[in-house]
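Modelling step: build the complete structure from the supplied sequences, incorporating the hints.
Here the sequence shown is numbered in this note's numbering, starting from 1 and rising by one per residue.
Hints in this document: simulated from the structure, not taken from any laboratory. Keep in mind it's a predicted model, so treat the numbers as computed, not measured. Be aware that a few hints might be false.
Said to hold, decoys possible - Each computed DSS-like pair below joins lysine-lysine, with the alpha-carbon atoms no more than 27 Å apart:
{"no.": "1", "residue 1": "K69", "residue 2": "K94"}
{"no.": "2", "residue 1": "K59", "residue 2": "K46"}
{"no.": "3", "residue 1": "K69", "residue 2": "K52"}
{"no.": "4", "residue 1": "K69", "residue 2": "K46"}
{"no.": "5", "residue 1": "K59", "residue 2": "K69"}
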Amino acid sequence: SNLYIGNLPWNLSEEQLMTIFSDVSPVSCHVLTNMYGRSRGFAIMKFTNEEKMTIAIGKYHHFEVSGRKLECRPDRGPGKADPSNGKKSVFVGKLPADIEDESLSTMFASMGVVNSKVERHADG
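Here you go:
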């Protein structure tokens with residue numbers, strides 16, 4: 001069972017996070033970083049079962065670390081939308097200037113795209 005921990009202080013290490021959560025027996029922890037090695041402000045912590053993860057959420061959701069309140073919830077995995085809004089959106093950049101909505105929909109039809117909209121800058 002994986003736990004998402006958000007709103008981390010930028011300088012908090014995996015080791016420090018494991019120490020904070022040590023009383024709920026996490027298996028491992030990974031603080032995600034950007035391409036420059038800087039924390040992205042969240043981590044994924046693995047537990048042996050859902051019960052331990054639920055205990056961790058109850059104890060550490062809104063727990064304050066270095067003036068920041070942690071956000072703890074079950075991890076939804078990479079690229080999964082928040083089920084509360086029911087929408088899944090993908091940004092596609094570097095499109096040809098002359099592409100139209102219908103062409104973009106056709107391009108992504110095999111992936112189950114319901115609709116698409118090409119957004120343009122005010123200058124064209």
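Hint-by-hint comparison with the structure:
| no. | hint | result |
| --- | --- | --- |
| 1 | K69 <-> K94 | violated (37 Å) |
| 2 | K59 <-> K46 | holds (16 Å) |
| 3 | K69 <-> K52 | holds (20 Å) |
| 4 | K69 <-> K46 | holds (20 Å) |
| 5 | K59 <-> K69 | holds (12 Å) |
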